[in-house]
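Going down the list, the protein sequences come from chains X and L. Heads up: the first sequence is residues 556 to 669, going by this note's numbering. Heads up: the second sequence is residues 146 to 257, going by this note's numbering.
Any given hint might turn out to be false.
[Unchecked claim] Below, computed lysine-lysine pairings styled on DSBU-like, alpha-carbon distance capped at 35 Å: (1) L:Lys215 / L:Lys202; (2) X:Lys557 / L:Lys200; (3) X:Lys611 / L:Lys163.
If you're looking for bench data, these hints aren't it; they were derived computationally from the structure.
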Amino acid sequence: QKEVEQNSGPLSVPEGAIASLNCTYSDRGSQSFFWYRQYSGKSPELIMFIYSNGDKEDGRFTAQLNKASQYVSLLIRDSQPSDSATYLCAVTLWRVQGAQKLVFGQGTRLTINP
Amino acid sequence: DVKVTQSSRYLVKRTGEKVFLECVQDMDHENMFWYRQDPGLGLRLIYFSYDVKMKEKGDIPEGYSVSREKKERFSLILESASTNQTSMYLCASTGANNQPQHFGDGTRLSIL
Numbered sequence: 556q557k558e559v560e561q562n563s564g565p566l567s568v569p570e571g572a573i574a575s576l577n578c579t580y581s582d583r584g585s586q587s588f589f590w591y592r593q594y595s596g597k598s599p600e601l602i603m604f605i606y607s608n609g610d611k612e613d614g615r616f617t618a619q620l621n622k623a624s625q626y627v628s629l630l631i632r633d634s635q636p637s638d639s640a641t642y643l644c645a646v647t648l649w650r651v652q653g654a655q656k657l658v659f660g661q662g663t664r665l666t667i668n669p
Numbered sequence: 146d147v148k149v150t151q152s153s154r155y156l157v158k159r160t161g162e163k164v165f166l167e168c169v170q171d172m173d174h175e176n177m178f179w180y181r182q183d184p185g186l187g188l189r190l191i192y193f194s195y196d197v198k199m200k201e202k203g204d205i206p207e208g209y210s211v212s213r214e215k216k217e218r219f220s221l222i223l224e225s226a227s228t229n230q231t232s233m234y235l236c237a238s239t240g241a242n243n244q245p246q247h248f249g250d251g252t253r254l255s256i257l
C-alpha cells in the first residue's frame, strides 16, 4: 500500500461548481497534513494545512481531516478556470531533530471547464 | 513571505560533470530539503538538513551529496552526473515543528 494515495484524475469540474479532492494515508502516527497546488512547469505552492480532525476553511478552500479513517480532503467552492492545476496531498511521516519528512501523493489533476 | 531561491531555473550539463545546485532561504529556517520530481514518480526526497553541517539521507540519496555550511544555504551536488539524473529539482525549507514546507521555483536539469 502506498503511503499517501490520491486519485490521479483528471478530474473535470464545471466552472462555479465544487471540486472535491481526496487523499488517504497509511501511517496512523501522521500529525500534519498539507495541500499544495502545482501549475504545469511550476513548483508546488502551499494552499492549506490542517492538524486537527474536522474542517478548516480559508476563502474558497476547505480542508477536511478524519484521522480515524486516515482521510484528508480538499474542497474548492465556486471553482474558477485558474484553479486548474495538479493538487498534491502531503503527510508527515517522521521527524528527525524537528525536521519532518513529508510524503507526497502522486497528485490529482484538476480541470475547471468554463 | 518565505522566499526560497534556487540559483538556476534551467541547467544543461554533460554526463560525468560535477553539478552544483544552490538554494538560499531568507527566513532563518532550521530545516532545508532537496527533492526531485519526475512524471509518474511524484516528489521524492533526496536529502535534508536540520541544522548547519547536519544532514540526513532521504529516499534516493545515491549519486548525490549535500552541503550546508551556512544556515541560509543548502547545496545539492551531483558527483558525476548521469542521464538518469535529468529531472526537476526542488528545494524547500521550514522552521518550527509542524510548519509547512515552502518551495523554491525549481531547477529543471538536463544531463546530456
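Hints, verified against the model:
1. L:Lys215 / L:Lys202: It holds: about 19 Å lies between the C-alpha atoms, which stays within 35 Å.
2. X:Lys557 / L:Lys200: holds (26 Å)
3. X:Lys611 / L:Lys163: Measuring from Cα to Cα gives roughly 46 Å; hence the hint is violated.
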